[in-house]
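As given, the protein sequences belong to chains H and E, one line each in that order.
Going by this note's numbering, the first sequence opens with residue 12, and the numbers climb by one from there.
Going by this note's numbering, the second sequence opens with residue 645, and the numbers climb by one from there.
Because the hints were derived from the structure by calculation, they are not lab data.
Don't take every hint at face value.
[Unchecked claim] Using 27 Å as the maximum straight-line C-alpha spacing, the simulated BS3-like pairs for lysine-lysine come out as follows:
(1) H:K421 / H:K431
(2) E:K733 / H:K160
(3) H:K349 / H:K431
(4) H:K160 / H:K197
(5) H:K421 / H:K457
(6) E:K817 / E:K779
(7) H:K457 / H:K431
(8) E:K733 / E:K689
(9) E:K779 / H:K18
(10) E:K733 / E:K690
(11) H:K197 / E:K733
(12) E:K817 / H:K18
These numbers come from a predicted model, not from an experiment.
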Amino acid sequence: MDDHIPKGELALYAFNPAAVSPERGAAIRNHTAVCFECQADLDFVSVREADLGDSDVWEPVVGSATYDSLMALGARITEEDRAAEQVLAPLLANPATIAWTNFATQKRFLTGGVARKLTDAAHGVCENEPIVALTYADAAIAVAEALPKETYPSRAIYEVIGSAWKERANALRLLGEFREALESLKRAERAYRELTDAGVPLATVAFVRAAVFYEQQRLDEAADMAEIAERGFAHGGEDDRRMKALYLRANVHYESRNIAAAMPLYRRVLEYGENRTDAEWIARASYALGNCFIEERDLGEASMYFHKALVLFREVGPSTERVRTEWGIARVLLHGGKPAEAIRRLRDVTAEFEQRQMVTDAALAGLDTAEGLLVSGQMRQIVPLARHLFTIFHKAAMLTGALTAISYIKEAAAAGTLTKEDLHVVRAFLRRAERHPDLVFAPPPKPV
Amino acid sequence: MQEPHNEGRIPPSQRSGEPAVSGVPSQFEEAYLRFGPLLRKIAAKKFGIPVQDVEPLVHDVFATYFLRWTTVEAPERYLVGAICNASRKYWEQADAAGLIFCGETPCAATPSDALLREVHSKVLLSRILGCVGAKCRDLLEGYYMNGETTRAIADRLRSSPATVLVLLHRCRKRALAAYQSMTERS
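The whole structure should be built from the sequences, with the hints applied where relevant.
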């Protein structure tokens, strides 16, 4: 092969082929046809001739109006967040003060940073302290709605407003105020729709709405809404949130006893967790699949999945899920014809739920214990068990239809008429009463 | 059965982005410079948005992103999805549901490999321009970006058009050397 073409000559030729003699031009063409190194250099210079006229190429070097505007916005957001951190620190340290602070009338609070900080704070405490979260969200709304709509360019203020309303909905959902939660979601949606792109924000609204419908047992609507959220999150590259929406949809199917629809979704969640080596997702999906296999009466598979979940929950928590998984294993034993071992484990599980004041779970595990006693011919022992469950509800001040349901179990056991069907009816009632405390218990009709 | 999760955010501990220059956190500038060209190409080439309207759309998408970046899991996929939505909204072609989401895959207008290569090549060229020196940058910007003639540049530099051509040639050589140095390093 000939010697390489000097770089300068290649650059000259690329810029203007006529700048070299025809013979030299032919030599360059012949050489670059077989020399990939020189060809790459020639291509680079040739292509760059066109690219150098593109404003995108120059923007990082010389800037642009868009760049300047966005960097100014970025700096402003950062400064607002810093200032909000300072001004809200004493209030967030004492959440009660938030409730009686009039945010909308004090200038120092009227910034996007304060609204965002309050919204973030609401999100942070939502699961454990929904009442506090509601207070924060209401304050965030007061600030966000008081800000001029032109606070930020591109109508971006609607992102702040929408998020504050969405957080309010989240808190209300956890407080069982479903109608108000749905109203807040309407407000969030209305705000988000003012944005040029509202894909992921609207997916978030769809997700929270699905969760509210789920709590309300509006299961078809919940499934539809969760699917919309799934698609929205997928579109925005939000894989983890997409999986949360898919998991919710699976829970909806499980709740409707459509195990055939729930199982493939849980399997997708499991696959996702395994691909990411995410212990929490693997554990949650395994636990859920264990429950499905119990429903399918495939106790071997149920046991396998529960044990898989148990190992992970023991390692990474949360401990409540670990107890629920142990409950699942006890139910496998119960349905597998080992009532004595099941009863022993169920009593341990019930005690752990009681310790954690998880009253409904304690009662449901207690009903499984009652079933174990029933199948092993120890109906009389159900009476003190039911009395104990009654006390748990009473202590928790849950003076609902649940008390009537537990009393019904106690009396039927005392009379020797208790059946598995009775336990099934009470179990279903307690699950519903957890979300609807006003439900009235109606005993199942007895055959004449 | 377990309760559905909260919809979740990236915890503060995972947030990066120390302030870079003049109070602008680096993640804003990085995201804009890295993905801005791609978003413009998608809006213009895939959705046929008129050139003069592309810039406001890109601005809108980034402005919203800046306010919610802590909750975004995958910035590139988020921004691509966002510009697709924004472009659809611009044309108001789709119905209300279609306007928001477009299915399982990120977007029908997801950038092709060719488009990505084109954008990548331009981003690379931007980096090269950072290495050729201020005089060369001024010269190349005037000639290529602002469309100045060699005569106009020569007048500005108190020189001749022929000298400007020689200078341009040297600057291209310098750019080529910078490119080779970058590709060798990588």
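To see whether the hints hold, each was checked on the structure:
1. For the proposed pair K421 (chain H) and K431 (chain H), the alpha carbon gap of about 14 Å is at most 27 Å, so the pair holds.
2. At most 27 Å may separate the alpha-carbon atoms for a hinted pair to count; K733 (chain E) and K160 (chain H) meet this at roughly 20 Å.
3. Between K349 (chain H) and K431 (chain H), the direct Cα distance comes to roughly 16 Å. Compliance with the 27 Å bound is thereby established for this hinted pair.
4. A C-alpha spacing of about 19 Å is found between K160 (chain H) and K197 (chain H), which places the hinted pair at or below 27 Å, so the restraint holds.
5. Proximity of K421 (chain H) to K457 (chain H) is assessed by CA-CA distance (about 16 Å); at most 27 Å being required, the pair is judged to hold.
6. A C-alpha spacing of about 14 Å is found between K817 (chain E) and K779 (chain E), which places the hinted pair at or below 27 Å, so the restraint holds.
7. Restraint check for K457 (chain H) and K431 (chain H): satisfied, since their Cα atoms lie roughly 13 Å apart, inside the 27 Å limit.
8. The suggested pairing of K733 (chain E) with K689 (chain E) holds, with an alpha-carbon distance near 16 Å, which does not exceed 27 Å.
9. Of the supplied pair hints, the one linking K779 (chain E) and K18 (chain H) holds, its CA atoms being roughly 21 Å apart against a limit of 27 Å.
10. A threshold of 27 Å between alpha carbons decides the hint, and for K733 (chain E) with K690 (chain E) the separation of about 14 Å falls inside it, so the pair holds.
11. With a CA separation close to 20 Å, the supplied pair K197 (chain H) and K733 (chain E) stays within the 27 Å bound.
12. As the CA atoms of K817 (chain E) and K18 (chain H) are separated by approximately 7 Å, the hinted pair is consistent with the 27 Å bound.
Going down the numbered hints, you'll see the structure goes against none, and every one checks out.
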